[in-house]
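Student: Now for the letters of each chain:
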Amino acid sequence: MEKKTNIFVRIWIFYRDAFKNMTWGRPLVWLIILKLFILFAILRVFFFTPAMSGLSEDEKIEVVGENLTKPHNTDTLND
Amino acid sequence: MDVVVWSRIQFAVTAAYHWLFVPLTLGLALVMAIMETLYVVKKDEFWKKTAQFWIKLFAINFAVGIATGIILEFEFGTNWSNYSWFVGDMFGAPLAIEGILAFFMEATFFAVMFFGWDKVSKKFHLASTWLTGIGATISAYWILVANGWMQNPVGTTFNPDTVRSEMASAAAFWEVVTNPVAVSKFCHSVTSGWVTGGIFVVGVSAWYLLKGRQKTFAVRSMLIGGIVGLVGSALVMLSGDSSGVHAAEFQPMKLAAAEGLEDGGKGVAFTIVPGVKVPHVLSFLATHDWNGYVPGINDILNGYTDNKGNVVPSVADKMQMGRKAIDALAQYRELRLTNPEAAAEARAVLEENVQYMGYGHLEKVEDVIPPVGIVFWAFRFMIGLGMLVALVLLLATWFSWKEKIEPKRWLLWAAIVCIPLTYIAGQCGWIVAEVGRQPWTIQGLLPVNVAISSLSAGAVKTTFFIFLAVFALFLAIEIRILIGAIRKGPEVEPEKL
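These protein sequences, in sequence, are chains V and H. Just so we're on the same page, my numbering is the position in the first sequence counted from 1, plus 162. Just so we're on the same page, my numbering is the position in the second sequence counted from 1, plus 1.
One or more hints might be untrue.
[Unchecked claim] What follows is a set of in silico ranges between Cβ atoms, one per label pair, in the way DEER data are often shown: (1) Phe209/V with Gly310/H: 35 to 41 Å; (2) Gly100/H with Ile173/V: 18 to 24 Å; (3) Asp290/H with Phe199/V: 55 to 61 Å; (4) Val207/V with Pro408/H: 53 to 59 Å; (5) Pro212/V with Glu342/H: 36 to 42 Å; (6) Asn340/H with Ala203/V: 48 to 54 Å; (7) Ala203/V with Thr217/H: 44 to 50 Å; (8) Phe199/V with Phe47/H: 36 to 42 Å; (9) Val207/V with Trp291/H: 55 to 61 Å; (10) Ala17/H with Thr185/V: 47 to 53 Å; (11) Leu392/H with Phe176/V: 44 to 50 Å; (12) Pro189/V with Trp291/H: 24 to 30 Å; (13) Lys278/H with Thr185/V: 55 to 61 Å.
[To be verified] Some, not all, of what chain V presents toward chain H, calculated at C-beta under 10 Å: (14) Ile169; (15) Tyr177; (16) Asn183; (17) Val191; (18) Ile200; (19) Arg206; (20) Ser218; (21) Lys222; (22) Val226.
[As the list claims (entries may be wrong)] To be clear about the criterion: a stretch of chain V counts as covered by chain H if any three or more of its residues have a C-beta under 8 Å from a C-beta of chain H, and this derived list gives those stretches: (23) 193 to 199; (24) 207 to 214.
None of these hints come from the bench; they were simulated from the model. Glycine residues also receive a C-beta, built at the ideal position from the N, C-alpha and C atoms.
Start from the sequences and build out the full structure, keeping to the hints where you can.
Tutor: Structure, rendered in structure tokens:
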């Protein structure tokens with residue numbers, strides 16, 4: 163009787179064979195890889211750095227607290 | 002233009018770009034699952050080949066649309082850092098569930114659906130096709146829970162120690178998850194996706210008929226697409242009705258702007274276009290009572306009494322209360338470590354006025370009015386185009402059911418033209434929802450000018466144009482691949498991927 167292969171090995175073989183036998187799907191996979199590279203290795207790293215990165219939790223609370231309590235112009239309510 | 006305007010434009014363009022792919026994913030998923038079900042039930046190879054073709058187009062759309070929503074999350078952290086911190090506790094749970102459960106479910110079963118023909122059993126493959134669509138739909142639910150909370154922030158309380166909105170309990174989480182605005186938004190968005198998927202299938206099938214190709218495939222596909230689109234259209238109207246009631250209850254200014262209603266009252270008419278009104282209809286749509294009270298823009302500015310008898314303060318009064326809340330927050334933060342008693346008093350004042358805290362950041366009362374012209378016309382384009390598409394779907398379904406669609410060349414052309422019109426209607430819907438709630442990122446709590454990060458407009462402009470160039474290129478590639486696949490058409494023999 164043929165021994166049943168491990169589930170993870172079967173999943174690996176499923177994906178390996180699927181990618182190997184691709185025809186029209188291949189450019190789509192390259193497109194996804196290219197897009198993810200642009201998103202995470204270029205845009206995220208160089209252009210979309212979180213404004214409060216590097217701050218501790220307490221420092222973030224301080225910064226946002228300052229911004230939420232900035233003085234307001236009270237004159238306009240008396241017009 | 003300042004950094005707030007540039008950041009808003011960037012976010013709007015990114016969200017609109019993301020919404021090019023989502024509705025087709027939701028709608029086409031349903032169409033192809035129905036077709037594959039027909040294959041499994043009827044054991045007819047025709048439906049297998051038909052389902053395979055539409056799955057191929059689904060895959061192209063999925064591949065280019067994948068991760069376009071991630072950019073929105075980048076923008077939250079970079080451009081809207083105060084907002085991100087403010088909503089962090091509330092957004093964390095739904096977005097984590099969306100990412101871990103729904104997306105991985107969608108991605109896993111997509112792989113089986115895409116690669117698994119003849120490798121897994123028919124029934125397992127069919128289940129994977131359905132679960133791909135269900136995963137995408139569940140994913141949409143969690144995103145819309147987050148969006149619904151911004152429109153109607155229920156289930157959370159503002160914590161002055163952490164300066165963020167927090168969910169205190171499991172009951173609060175349930176309140177957020179079952180927020181009526183989120184539920185109706187989900188139903189409206191998903192069913193509008195069914196309309197998009199339906200009209201896409203009908204329009205592409207119409208092109209084959211005009212070319213005299215794959216006639217049986219085209220007529221049968223058109224029938225399935227037409228039925229899905231029609232069911233979607235009916236449900237869009239129903240869910241649109243509940244969206245209108247919720248707007249009247251939770252965001253009356255959005256409704257007043259969408260109607261261009263300066264002065265409200267009882268038994269208010271619905272404006273079809275300027276100068277053409279239908280008596281009492283707006284009151285009915287907003288309150289389900291032909292004589293219900295609907296406030297206009299001036300009523301909201303000056304204060305009014307709503308249908309439940311609640312007195313709604315004027316915007317000037319809300320601004321006064323908002324400023325009390327902000328001052329109390331500042332005092333609390335200053336005194337909490339040195340003078341606990343005075344801090345407790347400040348906290349009590351804050352809690353009394355916190356529901357209007359966002360108003361305290363406004364400079365003048367007119368700041369609460371969104372751009373009326375944009376919202377008014379987007380609303381009319383959404384409804385008008387939606388009704389036109391529903392009519393074309395009805396006719397296409399009827400004539401394909403009777404197998405008399407082929408000679409109706411005008412209808413075939415109309416079906417093709419309706420593909421871009423459906424996308425325009427969907428985008429207009431989001432313009433009404435999002436421009437209509439300006440100036441708020443979170444209704445009543447956080448206006449855009451406070452939600453923004455400390456950035457220069459130049460920095461946002463740079464990322465905006467990079468994003469525009471890169472993603473315009475990806476869109477052009479998608480359309481090219483999609484058109485190539487449509488031109489090639491369905492295979493006679495089951496094709497290899």
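Student: The structure should be examined with respect to each hint, and the outcome stated for every one.
Tutor: These are the hints, each one checked on the structure:
1. Separated by about 52 Å at the C-beta atoms, Phe209/V and Gly310/H break the suggested range of 35 to 41 Å.
2. Hint check: Gly100/H to Ile173/V, Cβ distance near 21 Å, so the stated range 18 to 24 Å holds.
3. For the pair Asp290/H and Phe199/V, the beta carbons lie near 56 Å from each other, so the given range of 55 to 61 Å is met.
4. Range check, Val207/V to Pro408/H: Cβ separation about 58 Å, and the 53 to 59 Å hint holds.
5. Range check, Pro212/V to Glu342/H: about 38 Å between beta-carbon atoms, so the 36 to 42 Å window is met.
6. Checked against the hint of 48 to 54 Å, the C-beta distance between Asn340/H and Ala203/V comes to roughly 51 Å, which is consistent with it.
7. The given range of 44 to 50 Å is respected by Ala203/V and Thr217/H, whose C-beta atoms sit roughly 47 Å from each other.
8. A beta carbon spacing of about 40 Å between Phe199/V and Phe47/H agrees with the range 36 to 42 Å that was offered as a hint.
9. A beta carbon spacing of about 58 Å between Val207/V and Trp291/H agrees with the range 55 to 61 Å that was offered as a hint.
10. At about 33 Å, the beta-carbon gap between Ala17/H and Thr185/V misses the expected band of 47 to 53 Å.
11. For the pair Leu392/H and Phe176/V, the supplied restraint of 44 to 50 Å holds, since their beta-carbon distance comes to about 45 Å.
12. At roughly 57 Å, the beta carbons of Pro189/V and Trp291/H sit outside the given window of 24 to 30 Å.
13. At roughly 58 Å, the beta-carbon separation of Lys278/H and Thr185/V lies within the given 55 to 61 Å, and the hint holds.
14. Hint status for Ile169/V: violated, given a least beta-carbon distance of 13 Å to chain H, over 10 Å.
15. Residue-level restraint check for Tyr177/V holds (minimum Cβ-Cβ distance to chain H is 7 Å; threshold 10 Å).
16. The interface hint given for Asn183/V is met, as the beta carbon of that residue sits about 6 Å from the closest beta carbon of chain H, less than 10 Å.
17. Interface restraint check: Val191/V against chain H, minimum CB-CB distance 8 Å, threshold 10 Å, status holds.
18. Because the closest C-beta pair between Ile200/V and chain H is about 6 Å apart, less than 10 Å, the hint holds.
19. Given hint, Arg206/V at the interface with chain H, holds; its Cβ is 6 Å from that chain's nearest Cβ, closer than 10 Å.
20. With a cut of 10 Å, the hint placing Ser218/V at the interface with chain H is violated, because the nearest CB-to-CB distance is about 13 Å.
21. Evaluation of the Lys222/V hint against chain H yields a held restraint, the C-beta minimum of about 6 Å falling below 10 Å.
22. Hint status for Val226/V relative to chain H: holds, with the closest Cβ pair at about 5 Å, below 10 Å.
23. Only residues whose C-beta sits within less than 8 Å of a C-beta in chain H count toward coverage, and the stretch 193 to 199 of chain V has 4 of them, enough to reach three; the restraint holds.
24. Given as covered by chain H, the stretch 207 to 214 of chain V passes the check, having 6 residues with a CB less than 8 Å from a CB of that chain where 3 are the minimum.
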